[in-house]
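Peer 1: Listed here are the chains, written in short residue letters.
Number of protein chains: 2
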Amino acid sequence: MADKIPASALQLHSLVKPDGELEVRLAELPVPSPRDHEVLVRVQAAPLNPSDLGLLFGAADLGTARYGGTADRPVLNAQVPETAMKSMQGRLGQSLPVGNEGAGLVVRAGASAAAQALLGKTVALLGGAMYAQYRCVAAETCLVLPEGASAADGASAFVNPLTALAMVENMRRDGHRALVHTAAASNLGQMLHRICRQDGVALVNIVRRPEQAALLRGLGAQYVCDMSAPDFESALTDALAATGATIAFDATGGGRLAGRILGCMEAALSRTAVEYSRYGSTTHKQVFLYGRLDAAPIEFANTFGMAWDIGGWLVFPYLQKIGAEATQALKQRVAAELKTTFASHYAAEISLADMLRPDAVAAYAARTTGNKYLVNPDRGMARS
Amino acid sequence: MADKIPASALQLHSLVKPDGELEVRLAELPVPSPRDHEVLVRVQAAPLNPSDLGLLFGAADLGTARYGGTADRPVLNAQVPETAMKSMQGRLGQSLPVGNEGAGLVVRAGASAAAQALLGKTVALLGGAMYAQYRCVAAETCLVLPEGASAADGASAFVNPLTALAMVENMRRDGHRALVHTAAASNLGQMLHRICRQDGVALVNIVRRPEQAALLRGLGAQYVCDMSAPDFESALTDALAATGATIAFDATGGGRLAGRILGCMEAALSRTAVEYSRYGSTTHKQVFLYGRLDAAPIEFANTFGMAWDIGGWLVFPYLQKIGAEATQALKQRVAAELKTTFASHYAAEISLADMLRPDAVAAYAARTTGNKYLVNPDRGMARS
Numbered sequence: 001m002a003d004k005i006p007a008s009a010l011q012l013h014s015l016v017k018p019d020g021e022l023e024v025r026l027a028e029l030p031v032p033s034p035r036d037h038e039v040l041v042r043v044q045a046a047p048l049n050p051s052d053l054g055l056l057f058g059a060a061d062l063g064t065a066r067y068g069g070t071a072d073r074p075v076l077n078a079q080v081p082e083t084a085m086k087s088m089q090g091r092l093g094q095s096l097p098v099g100n101e102g103a104g105l106v107v108r109a110g111a112s113a114a115a116q117a118l119l120g121k122t123v124a125l126l127g128g129a130m131y132a133q134y135r136c137v138a139a140e141t142c143l144v145l146p147e148g149a150s151a152a153d154g155a156s157a158f159v160n161p162l163t164a165l166a167m168v169e170n171m172r173r174d175g176h177r178a179l180v181h182t183a184a185a186s187n188l189g190q191m192l193h194r195i196c197r198q199d200g201v202a203l204v205n206i207v208r209r210p211e212q213a214a215l216l217r218g219l220g221a222q223y224v225c226d227m228s229a230p231d232f233e234s235a236l237t238d239a240l241a242a243t244g245a246t247i248a249f250d251a252t253g254g255g256r257l258a259g260r261i262l263g264c265m266e267a268a269l270s271r272t273a274v275e276y277s278r279y280g281s282t283t284h285k286q287v288f289l290y291g292r293l294d295a296a297p298i299e300f301a302n303t304f305g306m307a308w309d310i311g312g313w314l315v316f317p318y319l320q321k322i323g324a325e326a327t328q329a330l331k332q333r334v335a336a337e338l339k340t341t342f343a344s345h346y347a348a349e350i351s352l353a354d355m356l357r358p359d360a361v362a363a364y365a366a367r368t369t370g371n372k373y374l375v376n377p378d379r380g381m382a383r384s
Numbered sequence: 001m002a003d004k005i006p007a008s009a010l011q012l013h014s015l016v017k018p019d020g021e022l023e024v025r026l027a028e029l030p031v032p033s034p035r036d037h038e039v040l041v042r043v044q045a046a047p048l049n050p051s052d053l054g055l056l057f058g059a060a061d062l063g064t065a066r067y068g069g070t071a072d073r074p075v076l077n078a079q080v081p082e083t084a085m086k087s088m089q090g091r092l093g094q095s096l097p098v099g100n101e102g103a104g105l106v107v108r109a110g111a112s113a114a115a116q117a118l119l120g121k122t123v124a125l126l127g128g129a130m131y132a133q134y135r136c137v138a139a140e141t142c143l144v145l146p147e148g149a150s151a152a153d154g155a156s157a158f159v160n161p162l163t164a165l166a167m168v169e170n171m172r173r174d175g176h177r178a179l180v181h182t183a184a185a186s187n188l189g190q191m192l193h194r195i196c197r198q199d200g201v202a203l204v205n206i207v208r209r210p211e212q213a214a215l216l217r218g219l220g221a222q223y224v225c226d227m228s229a230p231d232f233e234s235a236l237t238d239a240l241a242a243t244g245a246t247i248a249f250d251a252t253g254g255g256r257l258a259g260r261i262l263g264c265m266e267a268a269l270s271r272t273a274v275e276y277s278r279y280g281s282t283t284h285k286q287v288f289l290y291g292r293l294d295a296a297p298i299e300f301a302n303t304f305g306m307a308w309d310i311g312g313w314l315v316f317p318y319l320q321k322i323g324a325e326a327t328q329a330l331k332q333r334v335a336a337e338l339k340t341t342f343a344s345h346y347a348a349e350i351s352l353a354d355m356l357r358p359d360a361v362a363a364y365a366a367r368t369t370g371n372k373y374l375v376n377p378d379r380g381m382a383r384s
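Same order as they appear, the protein sequences are chains Y and E. Per UniProt numbering, the first sequence starts with residue 1, numbered consecutively. Per UniProt numbering, the second sequence starts with residue 1, numbered consecutively.
If you are wondering where the hints come from, they were derived from the structure by calculation, not from laboratory data. Positions of the beta carbon are idealized from the N, C-alpha and C atoms, including for glycine. Errors might be hidden in some of the hints.
As the list claims (entries may be wrong) - Okay, the calculated beta carbon distance ranges per label pair:
id, chain 1, residue 1, chain 2, residue 2, range
1, Y, G175, E, A273, 28 to 38 Å
2, E, P297, Y, G69, 45 to 55 Å
3, E, Y276, Y, A301, 34 to 44 Å
4, E, Y276, Y, G69, 19 to 29 Å
Turn these sequences into a full structure, and let the hints guide you.
Peer 2: Written as structure tokens, this is what we have:
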């Protein structure tokens, strides 16, 4: 608490101009004073999640990126292709702060008891604008990290842990008994594997490469299906028949994968069918698309009858649907198992200014397995 | 009742042999005696619905059809393409009766009071095997037609009327306030138009050709969007914005249409959006595919955010979901409005043997608007 709090501080902003130019830069803004129910947090760790990249770079083509500004105040410019401008209409001309989640130290607190109780504590935060030196939030939204947990430990306490837990919750509430996950070697995928193992839920992991399959098998995963293997569909059908999984969460969100999963689910179900129905199995088969790793159009031939659904899925609307009490139970589990079940791993820790370095952008924008970056806005800054 | 009931009678059967040959013929089978709770119905009218054609011809290529047998006992053979045989696995070698619904005269009744009460009545039936001279069913499944209604009037009392009513019911129960329908000039589409007009529900009709648009406008339809018009998507977006429709029932079930509808729904919603969200509108957008008029793979680029679903939909599983009481209410409405709201129109009435005439097959298998056929198994048969 001895550090002096500056009058103004840095925050990363992303702007798409009406002519299609993206500009990402560090804005200097007044540091707010917390109101009664609020706390001011010095942000010390914020992950670069796939879900942040969409807002950070919009639909810009990073192949056109130009890096300017100074070492302390870098600026990235890039062009949004004409064809993608339609999807940018809602944000044109708005300088938007970025960063869904983070963690840091509470350095100032409002007058309320709830706010005062957090002073000096390390807390996890959710709510946008986390790529910033300071962030002012309502005390009630903070998750106090357990003894011994650093800001880096708590930086990813919301998005991935709640997403993985909500997937299992959704599976149970909709009456499914096992689930499928794609891009399964990701941080999120490994977390889901640990939850399912702990809860005794069968998980079918779909990965894109042999080394990802090896990684998951090394962690003890029982059902791992590699899309690059020639027998992918028959291996997947076997795994679906063995587990009875009829719900999938797909991070790729494009191409033919969702349809292939539904086709294999139907093939697995038809192994035990007793009577012919030209409408296919009556068991409902569900694929939720929760990411967009694959930008290709979705395409599938319907080989799986009529009892199926493909839809978008987002964790926070889902938590809203199940209500505050159920959500609180999930959050408590995250806090209790922060350094075990919900541990995240990062390839590198970078500063706010580093976020706009060409090599860093190239690395984290690739969204490859094991290449997740952690931003530390407290790093490389003069403490006055 | 004076007619003598023969010991055996004709029933249309469809068989796909393991080598991929389809064979459709008239089988002669013993006429069953009704048990206590059953009635025997002389079938006098059964429509050829799109939902019947799938079972009737399987995945056979009718371009390969060969017509044989005699005038009284015709036989149709055709070949199922190698690539489609996977979808036929469940029915190989089974000689299957066809015909989802029909109507006719109760000519014999079991001992129960419910069965006896139906003797001499004209009833509508559901439950398969309706392309037959006689059909034995449980008394409780019969819908007694109102005074003055013929078997032809009641032949389509189940599939189309309940489908149209269930669509409106589904719209209401899921919290939508208007709906979209494709292939909207069909018998079903015209019925849905009449229901929606009566109920004060806004309906957006999508058709494929100008003459279909003219037909619906002639019936008083307010929102008609013609896919062949160059401004189809902007007209559809206008109609969606005007009505607030966020649920669609799509009979085509293939190609790009479902994705285009979702894209236009999102565009309509974004007209009134107040804040940018990179996940798109939070209003849930739903497309149900209930038919397969378009055999092309489903394809779409996601331009509509994360709050959407595309799924299969069938009327009878949906009625099961809403329960017996709600379903009964819908059936009562059908009986009460059989000759008005739920009237069907047929291009021709044909006999069982006519069903396998080349010109008839060519006409009804094309599934074109205004070309629905009614089968009268009582027609052209010697009454002994």
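Peer 1: Next, verify each hint and record whether it holds.
Peer 2: Here is what the structure says about each hint:
A C-beta distance of roughly 34 Å is found between G175/Y and A273/E, which places it inside the suggested range of 28 to 38 Å. Taking the beta carbon of each, P297/E and G69/Y are about 47 Å apart, inside 45 to 55 Å as hinted. Checking the proposed 34 to 44 Å range against Y276/E and A301/Y shows it holds: the Cβ atoms sit about 36 Å from each other. In this structure the hint that Y276/E and G69/Y lie 19 to 29 Å apart at CB holds, the actual value being about 25 Å.
No hint from the list above goes unmet by this structure.
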